[in-house]
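With the hints as constraints, model all of the structure from the sequences given.
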Amino acid sequence: MIKVDLLQNGQVVATQEVTEVTGWKYEFKDLAAYDAEGKAYKYEVKEQAVDGYQSAVKGYDITNTKVGETKVEGTKTWNDNNATDRP
1 MIKVDLLQNG
11 QVVATQEVTE
21 VTGWKYEFKD
31 LAAYDAEGKA
41 YKYEVKEQAV
51 DGYQSAVKGY
61 DITNTKVGET
71 KVEGTKTWND
81 NNATDRP
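Take 1 as the starting number for the sequence shown in the UniProt record's numbering and just add one per residue.
Among the clues, some could well be false.
[Stated by the list, open to error] Computed Cβ-Cβ distance ranges for the label pairs, DEER-style:
#	residue 1	residue 2	range
1	E20	Y43	56 to 62 Å
2	S55	A83	27 to 33 Å
3	K71	K42	21 to 27 Å
4	K3	T77	48 to 54 Å
5	Q54	A14	22 to 28 Å
6	K42	E17	51 to 57 Å
7	V18	N79	51 to 57 Å
8	N9	A56	20 to 26 Å
9	Q11	E69	31 to 37 Å
10	V12	K39	18 to 24 Å
[As the list claims (entries may be wrong)] Lysine to aspartate or glutamate pairs mimicking EDC-like chemistry, simulated, CA-CA at most 16 Å apart:
#	residue 1	residue 2
11	K46	D5
12	K46	D61
13	K66	D51
14	K3	E47
15	K25	D5
16	K3	E27
17	K25	D61
18	K58	E47
19	K3	E20
20	K42	D5
21	K25	D51
22	K66	E37
23	K58	D5
Source of the hints: derived by calculation from the structure; they are not laboratory data. All C-beta atoms, glycine included, are put in the ideal place defined by N, C-alpha and C.
Structure below.
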């Protein structure tokens, strides 16, 4: 589950829980377009932090990328009878 915040002019005005059950989709309805002075509201979404994931928002689409570190080790073996012309 993730939580998506709706921001109106930079302030959180609503939050929705988004899950596999909802198809990982969300919708905020019946939003006011203008304030009392007739100025248009600016809406944006932001996902609340999810441990182990980095969130990227493009418009109203949110992409989570798993982050972490791993370790890779290896050994180099020469099978050339100790040749003197190794690189």
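For each hint, the structure was consulted:
no.	hint	result
1	E20 to Y43: 56 to 62 Å	violated, 25 Å
2	S55 to A83: 27 to 33 Å	violated, 53 Å
3	K71 to K42: 21 to 27 Å	violated, 44 Å
4	K3 to T77: 48 to 54 Å	holds, 51 Å
5	Q54 to A14: 22 to 28 Å	holds, 24 Å
6	K42 to E17: 51 to 57 Å	violated, 24 Å
7	V18 to N79: 51 to 57 Å	holds, 55 Å
8	N9 to A56: 20 to 26 Å	holds, 22 Å
9	Q11 to E69: 31 to 37 Å	holds, 36 Å
10	V12 to K39: 18 to 24 Å	holds, 19 Å
11	K46 to D5	holds, 5 Å
12	K46 to D61	holds, 10 Å
13	K66 to D51	holds, 9 Å
14	K3 to E47	holds, 6 Å
15	K25 to D5	holds, 13 Å
16	K3 to E27	holds, 12 Å
17	K25 to D61	holds, 9 Å
18	K58 to E47	holds, 12 Å
19	K3 to E20	holds, 12 Å
20	K42 to D5	holds, 14 Å
21	K25 to D51	violated, 20 Å
22	K66 to E37	violated, 43 Å
23	K58 to D5	holds, 14 Å
Hints 1, 2, 3, 6, 21, 22 from the list above are not met by this structure, while the remaining hints are.
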